[in-house]
Amino acid sequence: MKRSYRQILFYIIAVAFMLAFPKSSFAAPTFKFNPTGGYVMEGDEFTLDILIDSDGEELIKAKSVITFDPTLVEIIKAERNNALFDQFPADEQSTDNTNGVLMLSGFTQSGAGDLYKTGANPDVFARITFKTLWDGVVTFDWEYTGTDAPFKSVMISDGSPPQNILTSKPVSATFTIQDSTGNSGTGNYVTPITGIFESDMFLPGFLVLLGGLMVFTGTNVVYRVSRRLILMRRRTLVEYDHDE
Numbered sequence: 135m136k137r138s139y140r141q142i143l144f145y146i147i148a149v150a151f152m153l154a155f156p157k158s159s160f161a162a163p164t165f166k167f168n169p170t171g172g173y174v175m176e177g178d179e180f181t182l183d184i185l186i187d188s189d190g191e192e193l194i195k196a197k198s199v200i201t202f203d204p205t206l207v208e209i210i211k212a213e214r215n216n217a218l219f220d221q222f223p224a225d226e227q228s229t230d231n232t233n234g235v236l237m238l239s240g241f242t243q244s245g246a247g248d249l250y251k252t253g254a255n256p257d258v259f260a261r262i263t264f265k266t267l268w269d270g271v272v273t274f275d276w277e278y279t280g281t282d283a284p285f286k287s288v289m290i291s292d293g294s295p296p297q298n299i300l301t302s303k304p305v306s307a308t309f310t311i312q313d314s315t316g317n318s319g320t321g322n323y324v325t326p327i328t329g330i331f332e333s334d335m336f337l338p339g340f341l342v343l344l345g346g347l348m349v350f351t352g353t354n355v356v357y358r359v360s361r362r363l364i365l366m367r368r369r370t371l372v373e374y375d376h377d378e
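With the first letter of the sequence shown counted as 1, position 125 gets the number 259 in my numbering; the numbers rise by one all the way through.
Since the hints were made in silico from the structure, they are not lab data. Watch out, some of these pointers could steer you wrong.
[Said to hold, decoys possible] Quick list of in silico lysine to aspartate or glutamate cross-link-like pairs, DMTMM-like style, CA-CA up to 25 Å:
| no. | residue 1 | residue 2 |
| --- | --- | --- |
| 1 | Lys166 | Asp220 |
| 2 | Lys286 | Glu213 |
| 3 | Lys166 | Asp203 |
| 4 | Lys166 | Asp178 |
| 5 | Lys166 | Glu277 |
| 6 | Lys166 | Asp257 |
| 7 | Lys211 | Asp292 |
| 8 | Lys251 | Asp225 |
| 9 | Lys251 | Asp189 |
| 10 | Lys265 | Glu208 |
| 11 | Lys286 | Glu191 |
| 12 | Lys211 | Asp257 |
| 13 | Lys303 | Glu192 |
| 14 | Lys211 | Asp189 |
| 15 | Lys265 | Asp203 |
| 16 | Lys303 | Asp230 |
| 17 | Lys303 | Asp203 |
| 18 | Lys251 | Glu208 |
| 19 | Lys265 | Asp275 |
| 20 | Lys211 | Glu191 |
Based on the provided sequences and hints, a complete structural model is requested.
Now the structure itself:
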């Protein structure tokens, strides 16, 4: 009986975990922006990281292509992480402030070097410093079709044949640029903080832990009450003979 309650508790916690962390939130090969949004002042500079996560797959090539409104922001510095790939082909790099395009591509020949594979946390693939030009809302989006075409984002895994494992378009980032009075956007002025670690998963994790504790406590109470009732039913009834 005790084992049955433990199995039920395990299934309940497993279901609660899956509900708190839907399939889309689990790791998969992708690029990410960090931060994913915020508020900046007109005329200020801010930094946007492009993170790479191969989800444990070895890559021979990674290419990120992002677009932005060049009337609202401009690139003043673009840095790449040279430690991730052996080569960064010149014909697959671009910082275009006229058309609002940034492209970065890294490549390592299969069998000729150490292929890139993400570890426990995403790596910074590129770090771009922008300057705001005008107030408004600027969205950083991805050029993506699912194929290794010119100016399209891909992740090519090692294999025969090599395949694109970036199977969906990465999530965009949106920033509100406020004018000198700070009133052009909705909300208060906040300086975006750039970092690899994201805090938005701490709340779901806490809720899962709290829910698990509540389920465990409730299940334990039910088990004890049920056990007591069973023991009461198993008590032996003794009838004494009465003298006539």
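Right, here's what the structure says about each hint:
1. Using a Cα cut-off of 25 Å, the hinted pair Lys166 and Asp220 holds, with the two alpha carbons roughly 22 Å apart.
2. Distance hint between Lys286 and Glu213 is fulfilled; the C-alpha atoms sit about 19 Å from each other, no more than 25 Å.
3. At roughly 19 Å between alpha-carbon atoms, Lys166 and Asp203 fall within 25 Å of each other, so this suggested pair holds.
4. Straight-line distance between C-alpha atoms of Lys166 and Asp178 comes to about 23 Å, which keeps the hinted pair within the 25 Å bound.
5. For the proposed pair Lys166 and Glu277, the alpha carbon gap of about 13 Å is at most 25 Å, so the pair holds.
6. The straight-line distance between the Cα atoms of Lys166 and Asp257 is roughly 10 Å, inside the 25 Å bound, and the hint therefore holds.
7. Our distance criterion of 25 Å between C-alpha atoms is broken by Lys211 and Asp292, whose separation comes to about 31 Å.
8. Restraint check for Lys251 and Asp225: satisfied, since their Cα atoms lie roughly 24 Å apart, inside the 25 Å limit.
9. Using a Cα cut-off of 25 Å, the hinted pair Lys251 and Asp189 holds, with the two alpha carbons roughly 8 Å apart.
10. Between the alpha carbons of Lys265 and Glu208 the distance comes to roughly 5 Å, so the proposed pair stays at or under 25 Å and holds.
11. The hinted pair formed by Lys286 and Glu191 meets the criterion: a straight-line CA distance of about 20 Å does not exceed 25 Å.
12. Taking the CA atoms of Lys211 and Asp257, the gap is about 19 Å. The hint holds against a cut of 25 Å.
13. Between Lys303 and Glu192 the alpha-carbon distance is near 20 Å, which keeps this suggested pair within the 25 Å criterion.
14. Note on Lys211 and Asp189: the hinted pairing is violated, with a Cα-Cα distance of about 28 Å set against a maximum of 25 Å.
15. A C-alpha spacing of about 12 Å is found between Lys265 and Asp203, which places the hinted pair at or below 25 Å, so the restraint holds.
16. Only pairs whose Cα atoms come within 25 Å are accepted, and Lys303 paired with Asp230 is accepted, the gap being roughly 21 Å.
17. Of the supplied pair hints, the one linking Lys303 and Asp203 holds, its CA atoms being roughly 19 Å apart against a limit of 25 Å.
18. With a C-alpha separation of about 31 Å, the suggested pair Lys251 and Glu208 falls outside the 25 Å cut-off, and the hint is violated.
19. Among the hinted pairs, Lys265 with Asp275 is consistent with the structure: their alpha-carbon atoms are about 17 Å apart, no more than 25 Å.
20. Simply put, Lys211 and Glu191 have alpha-carbon atoms about 30 Å apart, too far for the 25 Å limit, and the pair is violated.
Hint compliance for this structure: hints 7, 14, 18 and 20 are broken, all remaining hints hold.
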